[in-house]
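J.: Use the sequences and the hints to build the structure in full.
The residues making up each chain are set out below.
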Amino acid sequence: MGSWGDIMNDTIVSLATNLGVAAISIIRISGQESIKIVNDLFKEKDLEKVKSHTINYGHIVLDGEIIDEVLVSVMRGPKTYTGEDTVEINCHGGIGATNKILEILIKKGCRLASRGEFTKKRFLNGHIDLMQAEAILDLINSETEKERKVAIQGLNGNSSKMIKDLREILINLISNIEVNIDYPEYEDIYEVTKEDIRKNIDIIHEKIKKIVAESENGKLIKNGIKTAIIGRPNVGKSSLLNRLLGNEKAIVTDIPGTTRDIVEGNILINGIKLNIIDTAGIRETKDIVEQIGVNKSLDIMEEADLVLLLLNNNQELTSEDKELIAKTKDKNTIIVINKNDLEEKIDISSLDLENIVYINTLTYKGIEALKNKINSMFNLGKLDTNEFNYITNERQLSKLRECLDLSLDVKNNLDTLPLDIIEVDLKTIWNTLGTILGVTYDNELLDNLFSKFCVGK
Amino acid sequence: MEFEAIVVGGGHAGCEASLALARLNHKTLLVTGNIKNIADMPCNPSVGGPAKGILVREIDALGGEMGVNTDKSHLQLKMLNTKKGPAVWALRAQADKITYPKEMLKTLRSTKNLEIKEAIVDDLIVSNQKVIGVKLESGEEIKSKVVILTTGTYLKADILVGASRTPGGPHGEKEAKNLSDNLRKFGLTIQRLKTGTPQRIAKNSIDYSVLEREDGDKILRTFSFDIEPLYKIEDQVPCYLTYTNLETHKIIMENLEKSSMYGGYVRGIGPRYCPSIEDKVVRFKDKERHQLFLEPESKYYDDIYLQGFSTSMPHDIQEKMVHSLKGLEHAKILKYAYAIEYDAIDPLEMQASLENKKIENLFTAGQINGTSGYEEAAAQGLMAGINASLKMRGLEPLILKRNEAYIGVLIDDLVTKGTKEPYRMLTSRAEYRLLLRNDNADIRLREYGHQVGLIDDIRYAKFKDKLKQIEELTNKLKEIKILPTEKDLIEKLHTSPILDGITLYDLLKRPEISIDKLMELGKIEEKYSDAVLEQVSIAIKYQGYIAKEMKEASKLSELEDIKIPTDIDYNKILNIASEGRQKLDQVKPRTLGQASRISGVNPSDIAVLSVYLKRYKNEH
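Those protein sequence lines, which keep their order, are chains A and B.
The first sequence lines up with residues -6 to 450 when you count with the numbering used here.
The second sequence lines up with residues 868 to 1487 when you count with the numbering used here.
Don't take each hint at face value.
[What the hints assert, rightly or not] Under the rule of at most 25 Å between Cα atoms (straight-line distance), these lysine to aspartate or glutamate pairs were calculated in the DMTMM-like manner:
#1 B:K1117 <-> A:E180
#2 B:K1415 <-> A:D189
#3 A:K324 <-> A:E199
#4 A:K324 <-> A:E207
#5 B:K1070 <-> A:E180
#6 B:K1376 <-> A:D398
#7 B:K1415 <-> A:D408
#8 B:K1418 <-> B:E1271
#9 B:K1333 <-> B:E1393
#10 B:K1284 <-> B:E1419
#11 B:K1422 <-> A:D408
#12 B:K951 <-> A:E178
#13 B:K1415 <-> A:E395
#14 B:K1376 <-> B:D1397
#15 B:K997 <-> B:E1263
#16 A:K404 <-> B:D1373
#17 B:K1481 <-> A:E110
#18 B:K1258 <-> B:E871
#19 A:K203 <-> A:E180
#20 A:K320 <-> A:D345
#21 B:K1394 <-> B:D1324
#22 B:K1085 <-> A:E180
#23 B:K1152 <-> A:E161
If you're looking for bench data, these hints aren't it; they were derived computationally from the structure.
T.: Written out as structure tokens, the structure reads:
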């Protein structure tokens, strides 16, 4: 914490573009001293006197030596990204000039910003709510186009708006109940009934449920789909991985039990990242090292978002196969039947025919079909629409799950307990949704109450 | 003459403060402008109601006087919100405005160590940032160890009616002209507040035959945990209801600019929860009528209080307004409504003990701290008295937590957030309503009352006995089982089938089973008091939600247990946003919990502060 400096008082600097060979680099400086520091290095104009939000042509000069020819944007707070005075220097790209200017700025009193610090300033200056701040950080860290879209949604406040709408419903309900409690004798104030609560909590419950469910998918966008390839030894798991990845990553031999460690690789399907994990073949074994691998495989299978269960077309289902089929029954599982060039000895009548794909890892045959199956199973196409509401931040999602449980409590207890006790849960949901947005405790409730109801002596 | 304590002002705060101090054996002087106005009720003739009623029960649990005094002097008593859960039940009395002050004065006069003096206090005597006495208007100086200011609405008070502004307090009493300016001189921030009161109508000029009647409860009750009911159900006096109508609204709208408020003659900030009738009509244009209550003020005179009709209109318009009301067509107005403006101290100037931050040994309580209401005032008066005594005895102050008492919520709100309008206690201000009930105020607070010294051994023993009975009954309910074979009994219970044996305790969790029913059927001995039965029944029936709130409250007390040293320098803590830094510096919170409730201090500030405190603790 100490080494991080004082985020609100320090003037921080960082490179806004990638360091490397490019036509232009942008260096961004934010903080109380930003204009003064750059002005001391700027030759042509007095930047402390120029109008806000102007671009100024000139040179960066140190001890009489011209360092670079630059365009300097001067933006005074609070109408800037961080809310503070901000300067952006557009200098010539390339590592030399850019690093030199950064070095000079740090010598003159700027501190190199840590990751996300500009956004933290923006949050601390009250320009964005916590959810938006978290979305910006997601955006910075996003790798795929889909991830970027999800992050942007959070940024524009789409997800914030959904939460705000739910809170709006709740606060109106809560204020009305509170007025009924504080002013019981005002007969002409509407008295909230259990029916009103039932109607609203049904809506709230359904909405939160939908967001949570869709967010589970949204999370897949951000974190990728964790895909486990499992099967008995030597059914071709590593070959399948390599076919999917298009390179020879896993060690492939025909000796059963070769893959003892977990091998990972990523591919993109329809813009979504698939994190594929090859596992050690699962069988009864006395080899201790191999047994460790088998146990690990089972763990991975438990955690996976998607299981590719590989079977051999050319063999009858063994007891081990059947056990795996049973274990993966409740998961997103695609049964992949390999070696379709060989004679069909497998009896598939007991399997879920919906989710079977035939492949041949020797010839690539069926790999496209497998990708299509994954695509349709996770509705990846749907993730594109703007209707789709998701929250990918784990903190926010766990809060939403709490709200989901509480809304269920409300539904269950509504018939037996008095309204003011049910309201305890409504208030907790309202508060918890508030912590998702990062709103602090304030007089929101009372303000709403007094603006909507007419009471008093 | 030397005193240990001087209490300035004889309203509800002043009475509680001086009684507490005198009862704790401190030689106390109560200075009031007029002895006739001691424990006066210049506004509504009622005590209690939602949240406020619980405040009165808490005052009683701690050893204050308001509950007992109300029990001695009311015209009607009612438990409100009985259709809702027990957390929001609230007792409300129509108090007799003659009997209430009379009884209180009797108590004050019969209390040892307490002297009453008629005078106006002009200034404090302060030496080295410590108060050492007061200076009267006459120039006389009186010395003391502590001073408690409970001046109500009298500081630089102005009465507003229409365009006229007249210096003076309620009932044409003299205002305290100089005290607030002198307080400002010591560096205290003074703010200007406003409140108002409606008309009083002659009883015999009202046509009751066309009005709705509101009677008192048919069950005898008391505010105090220590006394038996002193009234008869049939002797209670009814209240009546009437409504404004479109004609009333038309008169108000046509004459709006004649009111002090809309004419621009008011400087103070009034309470949102007590808007004047013109405010209501303007702000809620769609409402065709507003409810008004006609409440008796006393058995001994004729005034009827017209609750809901407070206004700052000139007298001639008030006549028209009142006569437009149903049942009041020929009403005679005995006293016109008025607004009153007064000075108050910014409550951020005080600590949670109610002692001033800048002047040591100076305590303030009641409307001077920006609150409104008799109950809020009395609660603070009691706490100021207790804490002034603890200070003189060299003991730690008694600071009630938000999960312990509405009094805790009230004072924490004041010293943490300050207030821009007169602060009224509302149930919605309390996070843990289910823990802060009307029925368990003694369980929450009696122990403190005894420790402080206001609850004597006899009352304490009675309380301990109640706790024992509760425990005993709870244990019995857990032991006694009803078996499926007891067919007659089960049938009489009208409940869903009992398959295995079920304890009475678990049976009581079913909404259709009441503790009374189990008693009727002979499953519970008759020896338990109603209070014990009620306590046990609530604890069982609402167990799940009580547990939920306790869990939330324990999260809070984790933060509440982290103390912030008084000498902390917020400028030295990196990474706190500037608004948060400024607010923390102003409020100087005692604990991390209090810090987290300051508006403008955001969660990341609290995170930073908590890390800093850990390091600070290691270094010191």
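J.: Now tell me, hint by hint, if it's right for this structure.
T.: Each hint tested on the structure:
{"no.": "1", "hint": "B:K1117 <-> A:E180", "result": "23 Å, holds"}
{"no.": "2", "hint": "B:K1415 <-> A:D189", "result": "24 Å, holds"}
{"no.": "3", "hint": "A:K324 <-> A:E199", "result": "24 Å, holds"}
{"no.": "4", "hint": "A:K324 <-> A:E207", "result": "17 Å, holds"}
{"no.": "5", "hint": "B:K1070 <-> A:E180", "result": "24 Å, holds"}
{"no.": "6", "hint": "B:K1376 <-> A:D398", "result": "22 Å, holds"}
{"no.": "7", "hint": "B:K1415 <-> A:D408", "result": "19 Å, holds"}
{"no.": "8", "hint": "B:K1418 <-> B:E1271", "result": "14 Å, holds"}
{"no.": "9", "hint": "B:K1333 <-> B:E1393", "result": "15 Å, holds"}
{"no.": "10", "hint": "B:K1284 <-> B:E1419", "result": "21 Å, holds"}
{"no.": "11", "hint": "B:K1422 <-> A:D408", "result": "29 Å, violated"}
{"no.": "12", "hint": "B:K951 <-> A:E178", "result": "13 Å, holds"}
{"no.": "13", "hint": "B:K1415 <-> A:E395", "result": "13 Å, holds"}
{"no.": "14", "hint": "B:K1376 <-> B:D1397", "result": "19 Å, holds"}
{"no.": "15", "hint": "B:K997 <-> B:E1263", "result": "18 Å, holds"}
{"no.": "16", "hint": "A:K404 <-> B:D1373", "result": "22 Å, holds"}
{"no.": "17", "hint": "B:K1481 <-> A:E110", "result": "24 Å, holds"}
{"no.": "18", "hint": "B:K1258 <-> B:E871", "result": "12 Å, holds"}
{"no.": "19", "hint": "A:K203 <-> A:E180", "result": "38 Å, violated"}
{"no.": "20", "hint": "A:K320 <-> A:D345", "result": "14 Å, holds"}
{"no.": "21", "hint": "B:K1394 <-> B:D1324", "result": "23 Å, holds"}
{"no.": "22", "hint": "B:K1085 <-> A:E180", "result": "21 Å, holds"}
{"no.": "23", "hint": "B:K1152 <-> A:E161", "result": "23 Å, holds"}
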